[in-house]
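Based on the sequences and whatever the hints tell you, model everything.
Mapping the sequence shown onto our numbering, position 18 (from 1) lands on 18, and the numbers just tick up by one.
Each hint should be verified, as a subset may be incorrect.
Using 20 Å as the maximum straight-line C-alpha spacing, the simulated EDC-like pairs for lysine to aspartate or glutamate come out as follows [as the list claims (entries may be wrong)]:
| no. | residue 1 | residue 2 |
| --- | --- | --- |
| 1 | K105 | D46 |
| 2 | K98 | D78 |
| 3 | K105 | E56 |
| 4 | K98 | D51 |
| 5 | K105 | D51 |
| 6 | K98 | E56 |
| 7 | K98 | E87 |
| 8 | K61 | D51 |
| 9 | K61 | D4 |
| 10 | K105 | D20 |
| 11 | K61 | D5 |
| 12 | K61 | E100 |
| 13 | K98 | D20 |
| 14 | K98 | E115 |
| 15 | K61 | E87 |
| 16 | K98 | E63 |
Source of the hints: derived by calculation from the structure; they are not laboratory data.
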Amino acid sequence: MTVDDSIRHQLAVLARRPRDRVTVFSRSRPTDWRPGQVRNPWGLLDRYFTDAAAWELIASKLEEGHELTTVQLREPPDRTGYVMMIELEAGTPLLYVKLELGAGKIFGRSFHYSEAS
1 MTVDDSIRHQ LAVLARRPRD RVTVFSRSRP TDWRPGQVRN PWGLLDRYFT
51 DAAAWELIAS KLEEGHELTT VQLREPPDRT GYVMMIELEA GTPLLYVKLE
101 LGAGKIFGRS FHYSEAS
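Following this line, the structure appears as structure tokens:
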């Protein structure tokens with residue numbers, strides 16, 4: 001399903017605002033957020049992504065028009081997740097990013113290497 005440009009814009013704007021980003025795990029909103037385990041090929045000082053660098057990558061990819069698909073979330077039920085599969089560098093698995101749009105917030109649900117073969 002194609003994601004509306006206004007939703008893409010909202011996600012990018014919220015991803016750039018530290019106060020509007022949420023990555024805390026809860027039963028009602030399971031999260032697998034592991035930027036510290038993902039190698040950052042552009043990191044000058046950090047070999048792995050920091051939280052801030054992860055959000056910057058997400059915002060940049062959204063603004064560039066990177067492919068964004070939707071999934072139905074199990075938790076919370078009846079909510080939409082937005083997924084990007086990002087190639088960081090040759091020879092490494094794709095980066096799996098899943099986001100959820102809330103009321104004035106963006107929930108980082110996943111940031112880790114894809115486990116799909």
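State the violated hints by number, sorted upward, taking the hints as numbered earlier in the document.
Failing hint: just 1.
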